[in-house]
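> As given, the protein sequences belong to chains F and H, one line each in that order.
Numbering of the first sequence is given in my numbering, commencing with residue 1 and proceeding in unit increments.
Numbering of the second sequence is given in my numbering, commencing with residue 1 and proceeding in unit increments.
There's no promise every hint is true.
As the list claims (entries may be wrong) - No more than 30 Å apart at the CA atoms, straight line, and that leaves these computed lysine-lysine pairs for BS3-like:
hint: 1; chain 1: H; residue 1: K2; chain 2: F; residue 2: K215
hint: 2; chain 1: F; residue 1: K6; chain 2: H; residue 2: K85
hint: 3; chain 1: F; residue 1: K96; chain 2: F; residue 2: K215
hint: 4; chain 1: F; residue 1: K96; chain 2: H; residue 2: K51
hint: 5; chain 1: F; residue 1: K215; chain 2: H; residue 2: K53
Simulated from the structure, these hints should not be mistaken for laboratory data.
What you are looking at is a predicted structure, and each value in this text was computed from that prediction instead of being measured.
Below, each chain spelled out in residue letters.
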Amino acid sequence: MNDLIKLLDKNGLVFAFLIVSAIMYVSYYVGKKLTNNKIPGAAIAISVGLIIAYFGGEKGVASIPAFSGMAILGGSMLRDFSIVSTAMGASFTEIKKTGLVGLLCLILGTLIAFIMGGVIAYSMGYHDPKDITTIGAGACTFIVGPVTGAAIGASSAVIAISIAIGVIKSIFVTILTPFIAKRIGLDNPQTAMIFGGLVGSTSGVSAGLAATDPKLVPYGALTATFHTAMGCLLCPSVLYFIVNYFLN
Amino acid sequence: MKIYGVGILAACFLIGHIVGDMLGKAFHLTGNLGGVGFAMLLLVVGNDYFKKKNLIPTETENGILFWSTMYIPVVVAMSATQNVKAALSGGWVAILVGILATIACYLLVPVMSKWSTSLNHSKTK
Numbered sequence: 001m002n003d004l005i006k007l008l009d010k011n012g013l014v015f016a017f018l019i020v021s022a023i024m025y026v027s028y029y030v031g032k033k034l035t036n037n038k039i040p041g042a043a044i045a046i047s048v049g050l051i052i053a054y055f056g057g058e059k060g061v062a063s064i065p066a067f068s069g070m071a072i073l074g075g076s077m078l079r080d081f082s083i084v085s086t087a088m089g090a091s092f093t094e095i096k097k098t099g100l101v102g103l104l105c106l107i108l109g110t111l112i113a114f115i116m117g118g119v120i121a122y123s124m125g126y127h128d129p130k131d132i133t134t135i136g137a138g139a140c141t142f143i144v145g146p147v148t149g150a151a152i153g154a155s156s157a158v159i160a161i162s163i164a165i166g167v168i169k170s171i172f173v174t175i176l177t178p179f180i181a182k183r184i185g186l187d188n189p190q191t192a193m194i195f196g197g198l199v200g201s202t203s204g205v206s207a208g209l210a211a212t213d214p215k216l217v218p219y220g221a222l223t224a225t226f227h228t229a230m231g232c233l234l235c236p237s238v239l240y241f242i243v244n245y246f247l248n
Numbered sequence: 001m002k003i004y005g006v007g008i009l010a011a012c013f014l015i016g017h018i019v020g021d022m023l024g025k026a027f028h029l030t031g032n033l034g035g036v037g038f039a040m041l042l043l044v045v046g047n048d049y050f051k052k053k054n055l056i057p058t059e060t061e062n063g064i065l066f067w068s069t070m071y072i073p074v075v076v077a078m079s080a081t082q083n084v085k086a087a088l089s090g091g092w093v094a095i096l097v098g099i100l101a102t103i104a105c106y107l108l109v110p111v112m113s114k115w116s117t118s119l120n121h122s123k124t125k
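The following block holds chain F by itself, in its conformation from the complex (with noise of 0.2 Å):
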């Protein structure tokens, strides 16, 4: 047994594939088979990933020997290296059309994810504009509230409040994505464009609309890609200035 464990591990991302296509492959016949294609096989094969990574540690399932494979497979190069190369799918012209808008709906998502978090926080008992602001920043993406934190000094234990709201935050819309998406009028490449600007959290934005039509997954995770970077330039400067004023 452990000298299977320790194979495994040698070649990590390998039997990464075979897990990844075994649970690919179950989602997608019980998508078809047993929920007549109502539930997409992305949506059930996503969702797997996210309750087996709950029996995992601090890197998911990844944290279990033998399986420390799939935090290659899922990790963050690979995870950009595949979301690059869906943009070959992506044509310039519809990307063009939204081009102002879609400016704006980065800067307004930025604005309303960081105002909702710092009025929760501040309604919950947080009152130093440090924790206020990390905790708003997380309302962005997982990556922009640690970034933030770390840019303004913030203690440890609000950085991993902030890193757990990004994660809620992208966990939800993967979940909510595929089941909202009509309500929305999320059909189109351009209303993808102005979904990603507006929610930004790339894997969320990502897997959701993979979970709802692949197609439009480009044009949703190229703005989704800007709305951490605005996050990263707001946040720990201009926000946290205004924040700041507010309460001193």
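Given the coordinates of chain F, assemble chain H onto it according to the supplied hints.
Just chain H now, with coordinates in the frame of chain F:
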């Protein structure tokens, strides 16, 4: 050959990250500002330009398309490696902020989308 496509993809990826890194340094932040976004833009614009001139062989294109079909499996692996336990134990602040902030953004999607279509509509008139 397919590897040419993978090479083009790698070049876009790295150039985008270098730009994002320089932007991050320019604003004195430890992090990459939109590297993936720049990489995507580069690939979209490049693809648009070279396709019009018919300069991309199908095999090369397939090298890139393979990775875009690997996208969902990679996302599945990514969800399986999230710190779900910590997210759920982050307390009520984390759960409330995470959910309410997201809903607020969702509500704005149809509003902005309508505005965008009316903007495009008036442009074409």
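> Look at each hint and say if it fits the structure.
Each hint tested on the structure:
1. Between K2 (chain H) and K215 (chain F), the direct Cα distance comes to roughly 22 Å. Compliance with the 30 Å bound is thereby established for this hinted pair.
2. For the hint linking K6 (chain F) to K85 (chain H), the alpha-carbon distance of about 26 Å falls within 30 Å, and the restraint holds.
3. Proximity of K96 (chain F) to K215 (chain F) is assessed by CA-CA distance (about 17 Å); at most 30 Å being required, the pair is judged to hold.
4. Between K96 (chain F) and K51 (chain H), the direct Cα distance comes to roughly 18 Å. Compliance with the 30 Å bound is thereby established for this hinted pair.
5. The suggested pairing of K215 (chain F) with K53 (chain H) holds, with an alpha-carbon distance near 24 Å, which does not exceed 30 Å.
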